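Model the full structure from these sequences, guided by the hints.
Just so you know, the protein sequences line up as chains A and B, in that order.
Letter 408 of the first sequence, counting from 1, is numbered 408 in this note's numbering, and no numbers are missing.
Positions in the second sequence are counted from 1; adding 1000 to them yields this note's numbering.
No lab work stands behind these hints, which were simulated from the structure alone.
It should be emphasised that the depicted structure is a prediction, and the values quoted were computed from it without experimental measurement.
Using N, Cα and C, we set each Cβ at its ideal position, and we do this for glycine too.
Fair warning: there could be bad hints in the mix.
Stretch by stretch, here's where chain B covers chain A in the computed footprint (C-beta under 8 Å, at least three residues) [what the hints assert, rightly or not]:
| id | stretch |
| --- | --- |
| 1 | 364-375 |
| 2 | 396-409 |
| 3 | 435-446 |
| 4 | 520-533 |
Some, not all, of what chain A presents toward chain B, calculated at C-beta under 7 Å [to be verified]:
| id | residue |
| --- | --- |
| 5 | Gly-238 |
| 6 | Gly-335 |
| 7 | Asp-336 |
| 8 | Trp-340 |
| 9 | His-344 |
| 10 | Val-346 |
| 11 | Trp-385 |
| 12 | Asn-386 |
| 13 | Ile-556 |
2 protein chains.
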Amino acid sequence: MAKDKFALGIDYGTESGRVVVIRVRDGEEIGSVVVPYPDGVIDDKLPGGPKLEPDWALQNPRDYLLVVEKGVPKALKAAKVGAENVVGIGTDFTASSPMPTKRDGTPLCFLKEYRKYPHAWVKLWKHHAAQPEANRINEIGRERKEEFIRVYGGKYSSEWFFSKLLQVLDEAPAVYEATDRFIEAADWIVWQLTGKEKRNTCTAGYKAMWVKGSGFPSREFFRALHPRMENVIEEKVGTTFHPLGEKAGGLTAEWAKKTGLREGTPVSIGNVDAHVAVPACTVVEPGSLVMIMGTSICHMLLGTERQMVEGMCGTVEDGIVPGLWGYEAGQSAVGDIFAWFFEHGVPDYIHHEARKKKVPFAVTLEKRAAALKPGESGLVALDWWNGNRSILVDVDLTGLLLGMTLATRAEEIYRALIEATAFGTRQIIEAFESKGIAVEELVACGGLPEKNQLLMQIYADVTGREIRLAKQLQTCSALGAAMHGAVAAGRAGGGYDTIFEAAEHMAETQKSTYKPRRESHEVYNRLFKEYQALHDYFGRGSNDVMKRLKGLKREIST
Amino acid sequence: MAKDKFALGIDYGTESGRVVVIRVRDGEEIGSVVVPYPDGVIDDKLPGGPKLEPDWALQNPRDYLLVVEKGVPKALKAAKVGAENVVGIGTDFTASSPMPTKRDGTPLCFLKEYRKYPHAWVKLWKHHAAQPEANRINEIGRERKEEFIRVYGGKYSSEWFFSKLLQVLDEAPAVYEATDRFIEAADWIVWQLTGKEKRNTCTAGYKAMWVKGSGFPSREFFRALHPRMENVIEEKVGTTFHPLGEKAGGLTAEWAKKTGLREGTPVSIGNVDAHVAVPACTVVEPGSLVMIMGTSICHMLLGTERQMVEGMCGTVEDGIVPGLWGYEAGQSAVGDIFAWFFEHGVPDYIHHEARKKKVPFAVTLEKRAAALKPGESGLVALDWWNGNRSILVDVDLTGLLLGMTLATRAEEIYRALIEATAFGTRQIIEAFESKGIAVEELVACGGLPEKNQLLMQIYADVTGREIRLAKQLQTCSALGAAMHGAVAAGRAGGGYDTIFEAAEHMAETQKSTYKPRRESHEVYNRLFKEYQALHDYFGRGSNDVMKRLKGLKREIST
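This is the structure in structure tokens:
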């Protein structure tokens, strides 16, 4: 192993960070350490501080530092890799997860005088309290026909950068004034490690209205949002963004000391968890749709040209790999729906059979569901338990299940829910193809594919496309981060010059794939027509019953 | 008790018969005995005979005789009532449950040469294998603009008399030829007890196309159904029908001996279980909708004139009490939906809490559901788990549940199902009122009201109407049968001259009632609008997805 070189990948998730040690020549994972965030997701009350309102979700940036401090030495030790053989470090982050800092990068929440302001902390991607701000942004954006409305498929999300910044200004103007820099955690961690504030094009393009070549919306737009925001770009954001894989700088002496790594070890520009996974799934060309499948699904696709596709979360030039347009779409609940059903919908006879056979009840449920043929249950569902991200971009849509009789059994409902999420993915594929962007195959990674063979086969049968699986299913983002670390090092530094080279050597998919079965696909074509009719009827305004029921629910609860 | 007189009521249900001894002066139930049918519902294979096809449901008429033979002596003994104080006997039956007999009333299935023919047995009300015949009847009826199409709200059911008779002819012409009389079990049992074949107007009017004053459809109609049926009325059915409460005859010597009753004890004309319950619920005038609430709901209403109301199961002059039009509507699954949910939809945490509190899980579920406010769950359902009887008359409709989120809990679904069945009842009420037939209050009997307070309150809140409960909730039909027995006796014989008198003295409702709460009613008015929109969209042909899914299911299963 003496000649082998390694790259570190640091993957910042929602509850924890993961550090992996990856062999540069073949992408083999040599060591992996998970460091849970001590403060986790802060959605009830601030540590030692006031209670939060509903829909808030914050984080403590100190937890991000801890991942490096504890995780890197442990991972190196586990991998038995010396610092001299680490060629580069890459990171990836949830997004948009921005925070306000002072000019030197100190988060406001680290300062005594701001500690008790919720707005001084990191707003985690799933912070949903900035909906009024998002509404204002979209309204003004549409009035002014701003470019970003098109980039984001017609709607800018409450989860994104400027919605969150505008909420700070609306609700805590003092915090806004004290903010020298409002910055994605993805860029902040790189700043900490290298001492240089260098922001990445990916979060800027997907979350912050930045467009390669033309930059941000105009001063007039920001002034229309709020008079104090007129110069927000120059004052708090910056205008220079750096492409993925570029070296942001070398590891500082301080961090070299803390981690045992060498000072100056190249650190890559920041990246986003879903986007960084794409080359780690071997995908660096158009035609392969990458699905990062977990509680939700992110769908990532590369295209040679820009097309306006309905309901995209973003369409960004060089947003995933250089030279291509990166499309991002998504389903807001997938694994979450199954988890819901496991908790709220599994009756006694399933538990009873599972105990008798001494297997987890999910195994019993899957076995029974797998024994059914497509169409046999007579059920169809809309997978909107957490709204619809792509292609309708509507958080107020809700779930639907149709076709129950007195003979309907739990495993039939379970299968109908799986099928509904597969139909949701097919709906996204058809949105791409309707604009001439081909989807020839699917490549999956994430937690779901490993656990659920039935689900993967149904996705193949419903979409009529073969599905490859990433070799590192669950650590795909961390691998992708390490690949970008290798690119930051460059060939001269023991890594690779481009992400294309890195993908060729470091990324791999599994040998066995899921192939669509013709007979099942034909039945699913018929069921998908029913799904589409219901999708359009309830999702496009023919009957807004879901929104009215949600409104009534809110009214009753307050 | 020396001077007290008593009437017997014999109530023939689906699984058993019940004999009650009722005090004539005040309707008090003095004794009650249930006799299960040894052969029960024959839906798998004939006793000692061949296997039945799907959707078949037969009975053995010998079981009906056993109810009298065993039940009457036991009931008299339990009540400590002597034969000399029994003034009359009334019966009621499920309907339509017809059978083929010889001229002397011997069922064909009692004869060795026919015993192995399924068609020689009683076709129970829920025998569903005559759908092709029902379709033919409706097609020809509509072509010829036959009166019965209007009487039955546009559709003659596969459950009814002539569908079942036509199935005999279609599938077993030899049995058809051997049939001297095709007769409702309701009339057959009276024939057995009195030695006289006297048929009742109620089953004839509700199940067999008979209309007071004009009789049956023409010979031409029956010939159009099948050439051999041209003279079916004269040959196998008869043209004389007797009003409810009339004395059919006196108990035969043979049956007097078997039961210990006196020979000649007056026996009333046969009646139907749902219809006989109406006066037993105190209802002998228009304005009060009687709901017989169990696995399904029968809705019975009296009107001063004939109106064509959508989706009625029947509209019959004198069909419930003399001098008024009797309307029958229904929901095909109510208690059955809750039983389905109890089996297939109750998750672990409900069972867990129930065990902890040492109560049945249904109690836990109801308690949690009762703690919710109307509209709080954000859910709405269509109660079509077993199709829709009134007002759409469509067995191919199926259930729907809408509004689920990741936070939806089991008790919310349970409550939504209860609400959906209440909306189904309100839909029926609105069908009546749209034709000017007032529904001022509801009177409930059956198994459901006793068990489920939440359900009754929701029905009051959804319909905006007060609900009274019959005093004898579960034995209402048996009481009604006894009341008709008392009428058969007449005042001179120790009973009453009319059902109105009998109702005044013998029927009673409970003191406490369910009153609609204004606030809940207003929320339910909004939810009902959503129910109606979904009802019409899925039920009236805008989107026949339910039928297509059922069709696909059938296709896949075969």
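Hint check:
Coverage of the stretch 364-375 of chain A by chain B holds. Counting CB-CB distances below 8 Å, 3 residues qualify, and the rule asks for three or more. Note: the stretch 396-409 of chain A has 11 residues with beta-carbon separation from chain B under 8 Å; the three-residue rule is met and the coverage holds. Remark: the stretch 435-446 of chain A is not confirmed as covered by chain B, as 0 of its residues place a Cβ nearer than 8 Å to a Cβ of that chain, below the required three. With 5 residues having a Cβ less than 8 Å from any Cβ of chain B, the stretch 520-533 of chain A passes the three-residue criterion, so the hint holds.
For the restraint placing A:Gly-238 at the interface with chain B, the shortest Cβ-Cβ distance is roughly 37 Å, beyond the 7 Å limit, so the hint is violated. Violation of the interface hint for A:Gly-335 is found here, the shortest Cβ-Cβ separation to chain B being roughly 11 Å, above the 7 Å cut-off. Annotation: interface hint on A:Asp-336 holds; nearest CB of chain B at approximately 6 Å, less than 7 Å. Because the closest C-beta pair between A:Trp-340 and chain B is about 5 Å apart, less than 7 Å, the hint holds.
For the restraint placing A:His-344 at the interface with chain B, the shortest Cβ-Cβ distance is roughly 5 Å, inside the 7 Å limit, so the hint holds. Interface restraint check for A:Val-346: the shortest CB-CB distance to chain B comes to about 6 Å, inside 7 Å, so the restraint holds. Below 7 Å, beta-carbon pairs count as interface contacts, and A:Trp-385 has one with chain B at about 5 Å; its hint therefore holds. Evaluation of the A:Asn-386 hint against chain B yields a held restraint, the C-beta minimum of about 6 Å falling below 7 Å.
The criterion of a C-beta within 7 Å of any C-beta in chain B is met by A:Ile-556, whose closest approach is roughly 5 Å, and the hint holds.
Violated hints, in rising order: 3, 5 and 6; the structure is consistent with all others.
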